[in-house]
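As you go down the protein sequences, you meet chains A and B in turn. Here the working numbering is used: the first residue of the first sequence is 1, the next is one more, and so on. Here the working numbering is used: the first residue of the second sequence is 1, the next is one more, and so on.
If you are wondering where the hints come from, they were derived from the structure by calculation, not from laboratory data. Treat the hints with care, since some could be wrong.
[What the hints assert, rightly or not] Derived pair list, reagent style DMTMM-like, types lysine to aspartate or glutamate, alpha-carbon separation capped at 25 Å:
#: 1; chain 1: A; residue 1: K188; chain 2: A; residue 2: E32
#: 2; chain 1: A; residue 1: K78; chain 2: B; residue 2: E90
#: 3; chain 1: A; residue 1: K61; chain 2: B; residue 2: E90
[What the hints assert, rightly or not] With the C-beta cut set under 7 Å, the calculated list includes, among others, these residues of chain A facing chain B:
#: 4; residue: P76
#: 5; residue: S81
#: 6; residue: Y86
#: 7; residue: E89
#: 8; residue: E96
Built from N, CA and C at the ideal position, the CB exists for glycine as well.
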Amino acid sequence: MTPLLKISSIETLYFDRIYALHGISLEVKEREIFAILGPNGAGKTTLLKTIAGLIKDQPKKGTIEFRGRMIQRLPPEKISSLGIVYVPEDRGLFRELTVEENLDLGLWGRRDEAVKEDLEFVHGLFPILRDRRKQQAETLSGGEQQMLAIARAMLRRPHLLMLDEPSLGLAPKVARHVIDALLQISRKGTTLLVVEQNAKLALRIAHYGYILEAGRIVLEGTPKELEENEDVQELYLGMGEQSLSPKGWRLYKKRRRW
Amino acid sequence: MERFLLYFISGLAVGSLYALVALGLSLIYRSTRILNFAHGDIASAGAFFALTLMGLKIPFGLVFIMALLFGSLLAMGFYFCILVPAQRREATLLGQIILTLGLGLIIQGLTSRIWGMEPQPFPFPLSDSKVWNIGGIYISELSVGTIAAGLLGSICLYLLVQRTRLGLAMRATSENLQAAQTLGIPTRRILAISWGTAALLGVVAGLFLAPLLLLDPFYMLEPFLKGFAAAILGGLNSLPGAIVGGLILGIAEGLAGGYISIAFKNTLAFLIIIAVLLVRPEGLLGEEFIERV
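Just chain A, same shape as in the assembly (with noise of 0.2 Å):
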């Protein structure tokens, strides 16, 4: 089967000297939840804002190819047209606007019947947006406005919906909601592609993963195969005590093997 999403080589650069991205391949497959984990600073966001043509002229070199076509250096309201929403990291509400006007902005450009439809299902997923919907968007608690985000990307029905660190600030009870929500998404048949550092959170749900470092993928694999690697589970896992002396001291900085 072709990827939905395939990016060759891909390199970002911000004011044409520092390198986000050097160089990155990853393919998404259709239906599945893809997840990229790594430290800050790795570039996990700046590759989200690249296949989402939010950073201009870039990348500057490589391809993005999205159900057959090439997307790179598209302007961003053609991508989303073509069906790759993207949920950033400050959520990117319209704070003034209330929780309907937010939800109705989804639905712009929509004219099929399945609307309602469309409707009832994010109200089903997330019912408190029901509640407040008369409701100033920046008065919503943090929870609440990743619900509203996802809700409003759900309405673009999208082919793929990225999303920076759905579970970013929330309280742990409210995280798993939002990730139940990500999961029923997932069966509906979107494809998810997600940015995480809640490493354990994202590996529970992911079909896939990738491990971003300074620009490149250094590991990829199931949850599986990433979970068994030491370094992950080190370093993202929180897991490495055999780097401890008896004395619980650490000896020496151990070398990721990658």
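Chain A is already provided as a structure; the job is to place chain B on it using the hints.
Chain B alone, transformed into the frame defined by chain A:
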């Protein structure tokens, strides 16, 4: 009391025109953070265009509409042909503001070249000297028309921005451009419509001001500055604020001109603005920008 009402109403009439000018400025500022220094000049270009059309014996209603269209197209053309390419080349905000200043100077030059520097009377169907007596107050036909135009313009803009989907997209675009783009909203087109609408309001103000003043290439300069001051008084990013600011400025001018001295008219208005801004730097109805980092 009668004198008070007289000054009040003449102030209200001028104030509603300031409000229209201020609305146009606020609309652009809100959505693009650009202060449009060509706003007055676009309006005077519209008025001169109307003057030429009237010379061709075209009925005034049609002239009016065509002048509005002319102003809108001018502003939209400026947005698409100059601002958008400038933004593509990463022009700074200040650079874009200077571009509007340049447009203003170009229009001034062209209108001087085409229509000459001589002040010309502007034949207007509503007369300044025909006076109606409403409940003991004398009010000129032109004032009634002016107040009606200000009211109508404000209401139409309110309905457009608050009650239509286009207005919703305008509000969304002005609040968070990037989010609007990722939702597939055609932000360029939306912003162009904002520019066109703003210019349209400016031309309405220009056409109603023309019979009060004589038409020369710089006749909109003072009303533009007043509208600008009114917009700041009301809070630059607030549309209701622009209306309130315009009316306050107009009424203050009317009363000061009547009771104190005509020479003192501008001074008092700006003293009020200074006083208000000392107490509320963000303007009467403006909101302070709170940026999350």
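Quick rundown of the hints versus the structure:
no.	hint	verdict
1	A:K188 to A:E32	holds, 11 Å
2	A:K78 to B:E90	holds, 20 Å
3	A:K61 to B:E90	holds, 21 Å
4	P76	holds, 4 Å
5	S81	holds, 5 Å
6	Y86	holds, 5 Å
7	E89	violated, 12 Å
8	E96	holds, 6 Å
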